[in-house]
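Engineer: These are the residues of each chain, in order.
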Amino acid sequence: MTISVAAMDDSLAGAVALAAAGNEAAFTRIITAHHDDMTRVCFVICGDLDIADEAVQAAWPIVWRKLDSLRDPDRLRPWLVSIAANEARQLMRRRRRRTVVELSVGDTTTGVDPAVRVGDLDLANALARLDPDDRALLALRYVAGFDSTELARATGRSPSGTRARLARLLDRLRMELSDD
Amino acid sequence: MTDRLDFETRLEERLRARADLASRPFEAAAIARQVVAGQGRRARLGWLEWPTTRLAFRGLAVALLLAMALLGAAIGIGALLRERPPLPTSVVSNGWIAISANPWNVGGGENGDIYIVSEGNPPRRVIGADGDEVAQACPRFSPDGGRLVYGEGRATGTVTTFRGGWTVGDRAIVIVGVSEHGDPWAPLARVAIPAGQGPVVCPEWSPTGQHVAFRLGAALWIADGVSGATRVLPDVSAFGREDNDLEWSRDGSMIAVAEPGQIRIIHVDGGAPTVIAVEGGPPRSLGWTADDRRIVYVSVVPVDGYGSGVHVVAIDGANDTLLTPVANEPGFHFTFDEASVSPDGTRVAYRHGINQCTTDGCGSRPAPEPIVIADLDGSSRIDVPVPDDLVSSPRWSPDGKRLLLSSIVGISSIGLEPGSPVVVYANGTLGRGLNLEWSASEVTWQPVPR
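Chains as they are written, first to last, in our numbering: chain D, 1 to 180; chain C, 1 to 450.
Hints listed in this document are in silico derivations from the structure and should not be mistaken for laboratory results. What you are looking at is a predicted structure, and each value in this text was computed from that prediction instead of being measured. One or more hints might be untrue.
Example chain C residues on the side facing chain D (calculated, C-beta under 8 Å, incomplete) [to be verified]:
no., residue
1, L11
2, L15
3, L21
4, P123
5, R124
6, A440
Where a beta carbon is used, it is the ideal one built from N, C-alpha and C, also for glycine.
Required output: the full structure, derived from the provided sequences and hints.
Structural biologist: In structure tokens:
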């Protein structure tokens with residue numbers, strides 16, 4: 001599932017102004033449009049639905065307090081996703097928790113190709129071995145679809161540093177997933 | 001070798017599929033109600049996660065921070081002038097600047113041509129053409145400025161703008177002569193790389209200009225800079241990571257290659273490599289000191305929970321020293337990256353990032369990140385404030401008097417003195433200049449012997 005970014009953000013420009021002025025209904029519209037997108041990104045970072053939910057729940061009060069600082073409504077989506085991703089990273093760092101994905105015998109009846117399931121589990125475990133910052137980088141790039149400028153802004157690094165880190169990450173994952 | 005682009009595409013699909021597992025019904029109105037009821041608006045901190053603070057406030061903050069940085073830098077320069085002997089007169093001046101850039105529309109099946117950029121003039125493409133389906137990347141001017149070497153290749157699958165995941169066949173390195181106007185005037189050599197796919201090869205000139213070296217799998221290739229005659233040093237890499245750094249020593253007798261957890265010193269004329277163990281993954285930004293006895297590198301190991309630090313280590317692995325400080329103010333973290341050793345091997349320039357963390361999370365501080373110049377013991381530090389968007393990949397000019405800054409928004413340079421005006425050579429992104437999204441670091445400045 002992917003949010004239809006441009007059109008939605010465009011229609012939400014007015015909602016941003018209203019919400020920044022304290023309008024709860026407008027804020028509800030923003031939540032409706034972006035909550036799912038933020039949760040999906042946080043889940044890839046956290047590897048745990050409950051922690052992802054917690055991160056997004058923590059993000060919305062920040063959004064509410066700071067919405068009046070959003071100068072460019074066109075950047076609403078990356079701004080929101082960045083805040084949620086930041087919360088997810090912080091939660092993971094605080095918990096110092098490594099998610100290990102285990103193969104569940106009970107799931108073998110779902111009809112999913114076992115090879116596909118094992119591949120997904122490999123991916124989940126490879127993600128779990130990464131630093132939360134690296135998982136955030138992957139989630140922002142491939143799930144949220146950030147370009148390199150947005151990635152650099154969201155991660156506090158230079159665009160070239162971000163690109164280099166992303167390239168190294170891809171190499172590492174490629175090796176860990178035995179894709180050669 | 002599996003196509004790296006295919007891997008990236010499949011990874012994206014799998015990550016999105018995994019993310020879809022988190023899509024669940026939610027009650028937006030209830031969330032909003034809870035947030036609004038529980039959170040009265042309060043004064044915001046203003047410099048967190050995303051640089052979208054209102055212009056006036058941000059401008060004031062930036063002005064204050066700039067003033068502080070200028071004051072600090074002025075004090076630093078005073079100390080520098082008192083304590084340091086003058087640098088030797090430079091024997092080279094600065095010529096043309098070349099960079100590889102992506103076309104705006106990669107649908108033509110290629111990714112990367114080579115452009116010459118200069119102040120006040122539009123970028124001029126000198127190598128490559130629309131739709132030629134050949135990519136040119138990683139240009140490097142020779143030490144005498146008279147030749148240019150670059151990697152080239154032909155796309156083997158879907159082409160995207162992402163250089164890191166782009167795979168080509170028919171790979172080669174090409175050496176051309178360069179006219180006084182920066183134009184390639186003659187092909188001198190083309191070293192074809194054996195069949196097989198991989199990223200475009202990035203060659204590096206030896207300091208004498210006699211050879212170029214490049215990594216290919218586990219091997220190090222050294223080609224004659226005129227004839228293209230090649231010899232291969234097999235198994236110099238324990239990991240076969242050809243995209244990691246490679247740096248010639250100043251006398252041309254050694255090549256340092258970055259590997260995960262180590263720097264390997266390859267002796268060009270033979271002999272067992274020397275291995276320097278470093279923490280973490282492959283170090284970055286390798287550079288040799290003036291006497292070729294030490295190597296500067298950026299470690300990927302965070303120095304204070306964030307980012308990375310600039311080190312210098314003897315080539316026997318002794319005295320590994322962290323040159324950059326650790327933040328001592330609660331809530332702040334430093335990152336140092338993209339180090340570049342000066343042409344005379346006595347100083348290092350690097351990017352200094354600052355992250356601020358609060359209970360709301362961590363984010364970069366929207367103040368200009370300075371470029372730092374320091375001696376190789378970390379002393380005589382100067383902070384050169386640079387406009388925020390331009391801070392990236394500082395590289396020394398051939399004469400050692402300027403720093404070339406290449407970022408996604410453009411190519412520019414700045415003098416070493418704080419407050420020096422920025423000279424802009426090319427705009428990037430925004431659809432009106434060069435597309436530098438994934439190639440900003442592939443830039444080279446021509447030395448011109450006096």
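Engineer: So, for every hint listed, does it hold in this structure?
Structural biologist: Evaluation of the provided hints:
1. The beta carbon of L11 of chain C is positioned within 8 Å of a beta carbon in chain D (closest approach about 7 Å), and the interface hint is therefore held.
2. Taking 8 Å as the C-beta cut-off, the interface hint given for L15 of chain C holds, the closest approach to chain D being about 5 Å.
3. The beta carbon of L21 of chain C comes within 7 Å of a beta carbon in chain D, closer than 8 Å, and the hint placing it at the interface holds.
4. Below 8 Å, beta-carbon pairs count as interface contacts, and P123 of chain C has none with chain D, the closest being about 19 Å; its hint is therefore violated.
5. Evaluation of the R124 of chain C hint against chain D yields a violated restraint, the C-beta minimum of about 23 Å exceeding 8 Å.
6. For A440 of chain C, the suggested interface contact is upheld, since its CB lies about 5 Å from the closest CB of chain D, less than 8 Å.
Taken one by one, the earlier hints fail for this structure at numbers 4, 5, listed in ascending order.
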